[in-house]
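So the chains spell out like this:
Protein chains: 2
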Amino acid sequence: MNSSHPAPRRHANDWAALKSPLRRFLDACHADFSVETGGAVANYIPELGKADPNHFGISLATIDGYVYEVGDSREPFTIQSMSKPFVFALALDTLGADHVESAIGVEPSGDPFNSIRLDANNHPFNPMVNAGAIACSALIREAEGDGAFEYIRQALGRFAGRELGVDEAVFASESATGDRNRAIAYMLRNSGVIKDDVSKVLEVYFRQCSVLVTARDSAVMAATLANHGINPVTGEQVVTPYAVSRTLSVMTSSGMYDYAGEWIYRVGIPAKSGVGGGILAALPARLGLGSYSPRLDSHGNSVRGIKVCEALSAHYDLHMLNRSEDAHNIIADYDIGKSASRRSRRPHEQKILASHHRDVRIIELVGTLTFSNVDYVSRQLAEKPRPHFIIFDLRRVASVTRAGARLLAEGFRELAHFNVTAILSGTKRSSPEWKIVAEWTDTLSNVRNFPLLDDAIEWAEDQIVYRHGGAIEAVEMTELSEQPLLAGLGAEELAQLASLGTIRTYHAGEKIIATTEPATSLYFLRSGVVHVTLPGGIRLATIAAGMPFGEMALLEGHRSADVVADQSVTALEVLLADFERFREQHPRAGERIMRNLAQMLADRLIAANSKVNLLTAT
Amino acid sequence: MNSSHPAPRRHANDWAALKSPLRRFLDACHADFSVETGGAVANYIPELGKADPNHFGISLATIDGYVYEVGDSREPFTIQSMSKPFVFALALDTLGADHVESAIGVEPSGDPFNSIRLDANNHPFNPMVNAGAIACSALIREAEGDGAFEYIRQALGRFAGRELGVDEAVFASESATGDRNRAIAYMLRNSGVIKDDVSKVLEVYFRQCSVLVTARDSAVMAATLANHGINPVTGEQVVTPYAVSRTLSVMTSSGMYDYAGEWIYRVGIPAKSGVGGGILAALPARLGLGSYSPRLDSHGNSVRGIKVCEALSAHYDLHMLNRSEDAHNIIADYDIGKSASRRSRRPHEQKILASHHRDVRIIELVGTLTFSNVDYVSRQLAEKPRPHFIIFDLRRVASVTRAGARLLAEGFRELAHFNVTAILSGTKRSSPEWKIVAEWTDTLSNVRNFPLLDDAIEWAEDQIVYRHGGAIEAVEMTELSEQPLLAGLGAEELAQLASLGTIRTYHAGEKIIATTEPATSLYFLRSGVVHVTLPGGIRLATIAAGMPFGEMALLEGHRSADVVADQSVTALEVLLADFERFREQHPRAGERIMRNLAQMLADRLIAANSKVNLLTAT
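So the protein sequences, as listed, match chains A and B.
Following the UniProt record's numbering, the numbering of the first sequence begins with 1 at its first residue and continues without gaps.
Following the UniProt record's numbering, the numbering of the second sequence begins with 1 at its first residue and continues without gaps.
Source of the hints: derived by calculation from the structure; they are not laboratory data.
Mixed in with the good hints, there may be bad ones.
Said to hold, decoys possible - Derived list of chain A stretches under chain B, where covered just means 3 residues or more per stretch with a C-beta under 8 Å from a C-beta of chain B:
no., stretch
1, 264-277
2, 309-322
What the hints assert, rightly or not - Calculated pairs, PhoX-like style, for lysine-lysine (alpha carbon to alpha carbon, straight line, at most 25 Å):
no., chain 1, residue 1, chain 2, residue 2
3, A, 611, B, 338
4, A, 50, A, 351
5, A, 338, A, 351
6, A, 351, A, 611
7, B, 50, A, 338
8, B, 19, A, 611
9, B, 50, B, 307
10, A, 384, B, 19
11, A, 338, A, 19
12, B, 351, B, 338
13, A, 351, A, 384
14, B, 307, B, 338
15, B, 611, B, 384
16, B, 611, B, 338
17, A, 19, B, 50
Stated by the list, open to error - A few chain B residues that don't get close to chain A, going by computed Cβ distances all over 12 Å:
no., residue
18, 20
19, 33
20, 187
21, 229
22, 263
23, 368
24, 397
25, 492
26, 527
27, 602
No residue lacks a Cβ here, since even glycine has one placed at the ideal position from N, Cα and C.
Based on the sequences and whatever the hints tell you, model everything.
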């Protein structure tokens, strides 16, 4: 396909003409294989013989729900044997695995699809041959009675994401010519697999084979199998993950009949074909492919459809047994010495945190948390001195597999026995896998969850400060001399400044400063805690008693952030006008204050830069 | 296994006793299944009957090269049929796929391992039955002559990561009792698959079956198959990815003989057993499992080994067809309006960049770049207005699959036709997959590579500035009045300052300021560009003519960063002592300078904070 890539130059100015490489590839497949005229339209059922041999549609559905379509992707055709895997999955969920697995085997038969031979226990070899598929229809009829077909039709519709109809002419033709299947059905009743009225079972089966689908439908149905049973377009969970993996298993070992070994060897993507001309292929966690072209080869598989599958697998090296991934997905592993929270700490708190920074370890993970990833992380934990808190920063974790979730939860249990608190931050806990982690860990006292990393770090810092006897909010700081912005000023200068100000009190949640307002005063916090937040709600800093806020008024005429009281708060407000006058009278004090301001900004800049360097380290 | 997790409380203070969940699980498996005494030691070869039925070893090798071991994991036993997949892979690479695939089929036989039946073309059904394995040994002997066995022994050693020996007693016993295999071999010569002397071929085969391995060896050998043919412990590429995926295919369809369909259905991990009591299982991109317990079931598979495989698959839901991953791995998608480079820009440059910030789009990706991920990214590109530069920030990309690499390269080709430059940053281009991207893109003029994101952004910014007529380095800035640090000072004040300074010139690469030196002067850059770098070599800023450097001397007594000339540079140096004296004489100018410094620091802080906010956005 390589040759088919260069896009026409004339597009150079039409950005909308940009195509994803996959679309170009599928276009090229359609063009290259349209010329392929080998094979013949199935005619053992007269109605099938009426199909237009030139029809050719390709569709590929991704697991994020995007559907590529090329050619006659909306042309309807009868699903035929492509219904087998879906009805088997439906049977597993409807009647329970034990019931179904005791009636139908899972070993390849090595025979053609319409073989009448049964296995050693007189059961069908597997659900992909007619005998097994008829047995599935029979089982569903046992459970659903006369509503069985409607039950199946609606289920197939959920796989496809739309209501599916029936080709009555093909159905009539199927039942008129279905003697071999009748023979198979009576064999099954003879061996006790079918208890029901054979003709009623076969009506369900023949109707099921006559359901109309398109290449697009086939792609979405396959993608639902590739996506853990969740239809990626509608988001509906159609069948259980168990049913999906077992269905893909029989597709792998028996999906392409006596061509199965060759198929997994060469293409390596679970697939199912139908004599109607359809082929669907489901690559787990990747894609669903559907194609329609009625010319069949000697195995009863669509000639062009096979070529599309082979080309896709070869060009992108998608053989399911050819996976390579990296176990290392820890992208940062540091302690609060490297990245503190945005809470401004007073000197004695800083001292405690400085000497105990190793007690809070932060591990940032990315990508998908797989069995390998989480095991790797687990092994890293013991390597460093024991922290009291481990924060797992999961902002960049796109998803977690069931194996990863299980290992994660087991790891938290392990930590519980060492009195280590595990803190999750940034998890999107909506997915079913996260629910597993939750289930397993909600009983644990050592697991906490903070949406924001900074909150997690601040909480852990507070625990450390408490443990080592540092009070957090209690203290009142009334002495202006302790205000870093005023460091180095003389007693009278401080006294005069104090006399210029007014003591204000604010209740919890009250907005003290609002963005874009003119900046007309600055504040010295005496008690309580305030938050500085940017428009958009991002917290820039948490400020405790003894620190100034609104001090940027010394540089800017307008407020660039909100300041909100966390709890009831008292502060000394000094009007900018008074402050300016004070600086006029004491130029050296004014310079000193500016120097202090520059110093405070320089310290914050160093902290911010080290955070940026940490976050952007290669 | 869940019950087995709580770790003893007494460990609470012994951090070293912390175990990874996977180790606890394997310990529990060993304990739980040791009591299992069903099955019997193979005795069709007298020597095998001498094995201790109680031996039980488990080993699991991860794809990052860590090896778990439990029980008798170092107990040697003969490899027997476990040699078949590895010798098949070796044959594929040694003689070429066409040659091997024309002599040996890949369809399951449905027969026991020692079946004498051949397929329709009188060829062995597949390489996992004795007939196919003997054919493999014959093919290798064709290629390697009398050195064939040594060639095989050394290859097996590369899979295991150590030299492997032979159990001569078992070998003697095998050849003394190997009549059925002789019959098979003569059948193969009769059908032309073996051209060689049958006895010489069988000596190779019998010796190959008598090679001594341990559970640990088996795990590493399996992990090499799971890891694309690269031994995860030694890092050696033992066989090609093609040979690996095809070998895993036949293991999947035929690895467990007539139990194969059941095996993939229930366990879903490609595996191979041997009558010596070993079982190995290879889960692609995840792990290799090896177990040793000589008690065999009726299929000739180790009873405890099967239980271990089943428990591992069930407990961690590792069925290979039960994969779930998320396609979305774009974690940031922004333009330089949100995050500019660390180059300090002069006002006219700032204006150009402000009005064209959409021309440089930055897309940050994480985790493993798979088929799904890259396709998703490709589809996002057309969505926004067309940029001139797209920077792919790959710092957090752990690895890329071949499919991902291919799609990425194809996407760059597509961009080339739209005159969009693709810039890779932060790639570790060592892996074979990155070499594919390189191969495909080195011919393209629109792909550039920068190790550091900031360099990539700065380069793109420069292109934008050039395009819109803004000069970069050329200009000489001699006027102190244009120095932001001195903004607002009067003419005489500036003149006096100028008179205090000395004009210095530095050659490219010269270090002007060194970290930890006392800070005794500040500089005003008149021409050229300097870099400010932290001790770790991290670039903090790039400074162009018209800006100050070393100005932090006004706050700190020591230098906290290096400043190095990028090119030949001229600057006005003002000694701190002189500067302090100047400020003594002009307190208001001094205050103004401090205010300017605070203003500059505030601007940098805002930039740094917005970068932190961008990088930590959930």
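Hints, verified against the model:
1. 264-277: holds (count 4)
2. 309-322: Three-residue rule met by the stretch 309-322 of chain A, so holds; n is 8.
3. A:611 - B:338: Answer holds: residue 611 of chain A to residue 338 of chain B is near 17 Å, not above 25 Å.
4. A:50 - A:351: Outside the cut-off at roughly 85 Å; violated.
5. A:338 - A:351: At roughly 15 Å apart (the allowed maximum being 25 Å), residue 351 of chain A and residue 338 of chain A satisfy the hint.
6. A:351 - A:611: Holds, at roughly 20 Å.
7. B:50 - A:338: 60 Å, violated
8. B:19 - A:611: Distance ~32 Å between residue 19 of chain B and residue 611 of chain A Cα, so the pair is violated.
9. B:50 - B:307: 23 Å, holds
10. A:384 - B:19: OK: residue 384 of chain A and residue 19 of chain B at ~13 Å, within 25 Å.
11. A:338 - A:19: 44 Å, violated
12. B:351 - B:338: This hinted pair holds, its Cα atoms lying about 15 Å apart.
13. A:351 - A:384: Roughly 23 Å separates the two Cα atoms, so the pair holds.
14. B:307 - B:338: 55 Å, violated
15. B:611 - B:384: 22 Å, holds
16. B:611 - B:338: Holds, at roughly 7 Å.
17. A:19 - B:50: 66 Å, violated
18. 20: Incorrect as stated: the minimum Cβ-Cβ distance to chain A is 4 Å, not above 12 Å.
19. 33: 19 Å, holds
20. 187: 19 Å, holds
21. 229: It is violated; residue 229 of chain B is separated from chain A by about 10 Å at its closest Cβ, not greater than 12 Å.
22. 263: 9 Å, violated
23. 368: 5 Å, violated
24. 397: 8 Å, violated
25. 492: Given that every Cβ of chain A is farther than 12 Å from that of residue 492 of chain B, nearest at about 18 Å, it holds.
26. 527: At about 27 Å from chain A, residue 527 of chain B clears the 12 Å cut-off, so the statement holds.
27. 602: 6 Å, violated
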